[in-house]
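Protein chains: 2
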Amino acid sequence: MDTAWLNDDEDMAWRAFRRLLTALPARIGRDLAADSGLSSADYEVLSTLSENPERRRALKDLAAKMEWSRSRLSHHASRMEARGLIEKEPDPQDARGCVLRLTDKGFGVLEEAAPHHLASVRSRFLDHLSPEELAVLGALSARIADLAD
Amino acid sequence: MDTAWLNDDEDMAWRAFRRLLTALPARIGRDLAADSGLSSADYEVLSTLSENPERRRALKDLAAKMEWSRSRLSHHASRMEARGLIEKEPDPQDARGCVLRLTDKGFGVLEEAAPHHLASVRSRFLDHLSPEELAVLGALSARIADLAD
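So the sequences go chain by chain: U and V.
Using our numbering, the first residue of the first sequence is number 1, and each one after it goes up by one.
Using our numbering, the first residue of the second sequence is number 150, and each one after it goes up by one.
If you're looking for bench data, these hints aren't it; they were derived computationally from the structure.
It should be emphasised that the depicted structure is a prediction, and the values quoted were computed from it without experimental measurement.
Built from N, CA and C at the ideal position, the CB exists for glycine as well.
One thing to keep in mind: the hints can contain errors.
Here are the computed distance ranges between Cβ atoms for each label pair [stated by the list, open to error]:
1) V:291 with U:108: 37 to 45 Å
2) V:268 with U:108: 42 to 50 Å
3) U:135 with V:296: 19 to 27 Å
4) U:93 with V:227: 20 to 28 Å
5) U:47 with V:230: 34 to 42 Å
Using the sequences and the hints, build the whole thing.
Have a look at this one:
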């Protein structure tokens, strides 16, 4: 295979970006656990459900969004159900699937957690970007995330 | 707590960037597994060791770089050692620590994997950035990754 090595600019940017890919989720995840006792996955499940009609979403769609396997998310959802944060219901459109629904308790936990989480996102990330950088980052992120898998 | 909600620009950029944070490592990780039978963690261990003097690095330093606990990396390293990719050695500077050393076999596996991995990084990521975007992304990534934990 013909190797297209990275040039210096590409190498520097890719190294810095990989460091960010490791550091930022770790830092925000630690803040979330310390402030609210939630994992990043818990928060993503709660916040995604809160934005969906009737606070419900098919497990398979949420698994695709999170890039998790259905079985991994199903196990995680069972643990969140045991904590009273969500409920698993049969999926009327898919006999073998299920739908996750945010409970009132889960919504309350999310409401408590959100201001702390936003403060963390600001102090760890947004506060350090100019408006121009934010616009460039948002545009390139959307373009690359939207590429076919 | 006073909640500083995100404005529309911040919200759009943060949502897009979170999607990238999820999608990009998942895609590159799947390519790596399919092309070379390595996990992203395997690749990071091999490539980091290959760049260090005598192809060695203290486990605790590598764990900090990866944002992993020492015990998690120690377990992972034991599995890589069983595959002949690395060796664990006592750390002369730390009686309770250990040093990871890349074996010749591990170096060969990395050499085989690298061209495929770079092709994946290009097709999933670098090919979709202008030189200006790459420069902005590299600069903001380094700045944010370098913030204190």
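Each hint, compared with the structure:
In this structure, residue 291 of chain V and residue 108 of chain U meet the distance hint of 37 to 45 Å, their C-beta atoms being roughly 39 Å apart. For residue 268 of chain V and residue 108 of chain U, the hinted distance range of 42 to 50 Å is satisfied, since their beta carbons lie about 48 Å from each other. Taken as a hint, the range 19 to 27 Å holds for the pair residue 135 of chain U and residue 296 of chain V, whose Cβ atoms sit roughly 21 Å apart. A hinted range of 20 to 28 Å for the beta carbons of residue 93 of chain U and residue 227 of chain V is inconsistent with their spacing of about 45 Å.
The given range of 34 to 42 Å is respected by residue 47 of chain U and residue 230 of chain V, whose C-beta atoms sit roughly 40 Å from each other.
Going down the numbered hints, you'll see the structure goes against just number 4.
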